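**Q** Hey, can you work out the whole structure from these sequences and the hints?
Take the sequence shown: its position 106, counting from 1, is numbered 106 in UniProt numbering, and each next residue is one higher.
The reader is advised that the hints may include incorrect statements.
Said to hold, decoys possible - Simulated crosslink set (SDA-like; lysine to any residue; CA at most 20 angstroms straight-line): (1) 181 with 158; (2) 122 with 242; (3) 268 with 78; (4) 116 with 128; (5) 198 with 236; (6) 199 with 265; (7) 198 with 181; (8) 181 with 169; (9) 262 with 65; (10) 262 with 19; (11) 82 with 290; (12) 181 with 290; (13) 302 with 251; (14) 198 with 237; (15) 199 with 132; (16) 116 with 133; (17) 82 with 34; (18) 82 with 301; (19) 199 with 130; (20) 268 with 34; (21) 199 with 131; (22) 268 with 115; (23) 116 with 275; (24) 262 with 301.
What the hints assert, rightly or not - Restraint-style ranges between C-beta atoms, simulated for each label pair: (25) 158 with 88: 54 to 62 angstroms; (26) 263 with 111: 22 to 30 angstroms; (27) 47 with 158: 44 to 52 angstroms; (28) 56 with 222: 36 to 44 angstroms; (29) 46 with 164: 34 to 42 angstroms; (30) 17 with 143: 52 to 60 angstroms; (31) 306 with 17: 57 to 65 angstroms; (32) 155 with 107: 23 to 31 angstroms; (33) 272 with 164: 21 to 29 angstroms; (34) 306 with 40: 17 to 25 angstroms; (35) 14 with 272: 35 to 43 angstroms; (36) 164 with 17: 53 to 61 angstroms.
No wet-lab data here; the hints were simulated from the structure. Bear in mind that the values here come from a model prediction, so they are computed numbers and not experimental data. Quick reminder that beta carbons are idealized off the backbone N, C-alpha and C, glycines included.
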Amino acid sequence: MPGTQLVSPCADCGDAESVLAVRNRRCLCGDCFCRYVQGKVERRVMDKYRRQGSDTPHRLLLPLSYGISSSVLLRVLDAHLKRQLSKAHGRAAYELHVLVIEPSTILPSASSSAEKFELVQKAFPRHSYTQVPFHSIFEYDPEIRKAMLEFAGPHLVDDPSSSDRERLHAFRASMSTATSKTDVDNILMARLITAFAKKLSCRAVIWGDSDSRLAAKTLANVAKGRGRSLTWQVSDGMSPWGVEFLFPLRDLFRAELQDYAKLVPELKNIIIPDIPLSDNILTRNLSIDELMTRYVDTQGEKYPGVMANVTRMVTKLDSAPVSTDPYCPFCGTFTGKLDEESSSPLDADTLRDGQFSQFCYGCARSRSEPVN
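**A** Following this line, the structure appears as structure tokens:
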């Protein structure tokens, strides 16, 4: 009996009907598309953390937000480890510890993730898991308290009788603009995650940032005056806190991760969909990060190659050289030296009388935002 004639055979295997177009060049079936996504991630992780000899496996920390990207990354690496261990004399090159920052402690409007936390452990039981509240940053990073007080300035008084949750809420509430609030939250979460990674002696933090996300971060950080931090916020390498950062999804677009998630049944009940920004929100009420995310989401569909080049360009930048100059006590970025004759608005307004000289340019801008 002759085989069924395929209308649009898969470009890789040729044995199944294609369902997805990859980069507008070739059409793949579901299985081949999953292998395409998994291959891009696995190569990046294995090239960096390949196990040699009888060494113990590298411990890697994966922050999980239940979003598309971090959830897909967890599933891909889980499948990779499963294949490694299934081979004769197989052994894992690395082990994962998954960290969840309780969403309801970040956004009061978010619901508790207790059910999601149980589901993800049942779906991927081979890994270890920890869930912590946002205010646990005081426990894992004791130095943050002093940095926060200096950053907020004299109008924030530290009440010794307040709980850690109340302290963190008071500090976050002291930020005057949407951009400052988002900027500060990003720094605090990075510090909490890296402090937790160091406590567990993790070799690296592996972030679930797609190419689209990294492009938005690049544009936002440049706009906020955080260009110096791009070499570790967007590129693979050492962070200011002594833990390596790795971005295994950097070669994949957000739309491709969404397609992958649709093909994997176990992700259906784990992923929390992003709430789309309403078109009725005034631009001035959005943070720079939200504006850049919206821009990349809309323009990335039309010009995906351009967005990919934004991220690739950053990988060509050199990290700040080791220097005796100070590092920012809040975000850890190398501050460098500022010329007194510079015409930068920061020198003229923000650094008057050495007011914020201990902070980097980006932090000084965030903490000096005028109240609306």
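**Q** Hint by hint, note whether the structure agrees.
**A** For each hint, the structure was consulted:
1. At most 20 angstroms may separate the alpha-carbon atoms for a hinted pair to count; residue 181 and residue 158 meet this at roughly 19 angstroms.
2. A threshold of 20 angstroms between alpha carbons decides the hint, and for residue 122 with residue 242 the separation of about 32 angstroms lies outside it, so the pair is violated.
3. With a CA separation close to 16 angstroms, the supplied pair residue 268 and residue 78 stays within the 20 angstroms bound.
4. Distance check on the hinted pair: residue 116 and residue 128 sit about 15 angstroms apart at the alpha-carbon level, within 20 angstroms; holds.
5. Simply put, residue 198 and residue 236 have alpha-carbon atoms about 18 angstroms apart, close enough for the 20 angstroms limit, and the pair holds.
6. Of the pairs offered as hints, the one joining residue 199 and residue 265 is violated, with about 34 angstroms between alpha carbons and a cut-off of 20 angstroms exceeded.
7. About 26 angstroms separates the Cα atoms of residue 198 and residue 181, which puts this hinted pair outside 20 angstroms; it is violated.
8. Distance restraint check for residue 181 and residue 169: the Cα-Cα separation of roughly 11 angstroms lies within the 20 angstroms cut-off, and the hinted pair is therefore satisfied.
9. Restraint check for residue 262 and residue 65: satisfied, since their Cα atoms lie roughly 18 angstroms apart, inside the 20 angstroms limit.
10. A threshold of 20 angstroms between alpha carbons decides the hint, and for residue 262 with residue 19 the separation of about 12 angstroms falls inside it, so the pair holds.
11. Restraint check for residue 82 and residue 290: the C-alpha separation of about 37 angstroms exceeds 20 angstroms, so the hint is violated.
12. Restraint check for residue 181 and residue 290: satisfied, since their Cα atoms lie roughly 12 angstroms apart, inside the 20 angstroms limit.
13. Straight-line distance between C-alpha atoms of residue 302 and residue 251 comes to about 17 angstroms, which keeps the hinted pair within the 20 angstroms bound.
14. For a cut-off of 20 angstroms, the pair hint linking residue 198 to residue 237 stands: about 16 angstroms separates their Cα positions.
15. Distance hint between residue 199 and residue 132 is fulfilled; the C-alpha atoms sit about 14 angstroms from each other, no more than 20 angstroms.
16. For the hint pairing residue 116 with residue 133, the CA-to-CA distance comes to about 15 angstroms; that is within 20 angstroms, so the pair holds.
17. Pair hint residue 82 plus residue 34 holds up; C-alpha atoms about 15 angstroms apart against a cutoff of 20 angstroms.
18. As the CA atoms of residue 82 and residue 301 are separated by approximately 34 angstroms, the hinted pair breaks the 20 angstroms bound.
19. Only pairs whose Cα atoms come within 20 angstroms are accepted, and residue 199 paired with residue 130 is accepted, the gap being roughly 13 angstroms.
20. Under the criterion of a C-alpha separation no larger than 20 angstroms, the hint pairing residue 268 with residue 34 is consistent with the structure, at around 16 angstroms.
21. Our distance criterion of 20 angstroms between C-alpha atoms is met by residue 199 and residue 131, whose separation comes to about 15 angstroms.
22. A distance of roughly 14 angstroms separates the Cα atoms of residue 268 and residue 115; the hinted pair therefore holds under the 20 angstroms criterion.
23. For the given pair, residue 116 sits about 17 angstroms from residue 275 by alpha-carbon distance, which is consistent with the 20 angstroms threshold.
24. For the hint pairing residue 262 with residue 301, the CA-to-CA distance comes to about 19 angstroms; that is within 20 angstroms, so the pair holds.
25. Distance hint check: the CB atoms of residue 158 and residue 88 are about 59 angstroms apart, consistent with the given range 54 to 62 angstroms.
26. In this structure the hint that residue 263 and residue 111 lie 22 to 30 angstroms apart at CB holds, the actual value being about 27 angstroms.
27. Range check, residue 47 to residue 158: Cβ separation about 46 angstroms, and the 44 to 52 angstroms hint holds.
28. For residue 56 paired with residue 222, a C-beta distance near 40 angstroms keeps the hint of 36 to 44 angstroms intact.
29. Distance hint check for residue 46 and residue 164: the Cβ-Cβ separation is about 39 angstroms, which falls inside the suggested range of 34 to 42 angstroms.
30. A beta carbon spacing of about 57 angstroms between residue 17 and residue 143 agrees with the range 52 to 60 angstroms that was offered as a hint.
31. At about 32 angstroms, the beta-carbon gap between residue 306 and residue 17 misses the expected band of 57 to 65 angstroms.
32. Between residue 155 and residue 107, the C-beta spacing of about 24 angstroms keeps the proposed range 23 to 31 angstroms intact.
33. For the pair residue 272 and residue 164, the supplied restraint of 21 to 29 angstroms holds, since their beta-carbon distance comes to about 25 angstroms.
34. Between residue 306 and residue 40 the C-beta distance comes to about 20 angstroms, which sits within the given range of 17 to 25 angstroms.
35. A beta carbon spacing of about 37 angstroms between residue 14 and residue 272 agrees with the range 35 to 43 angstroms that was offered as a hint.
36. A hinted range of 53 to 61 angstroms holds for the C-beta pair residue 164 and residue 17, which are about 55 angstroms apart.
The structure shown violates the earlier hints numbered 2, 6, 7, 11, 18 and 31.
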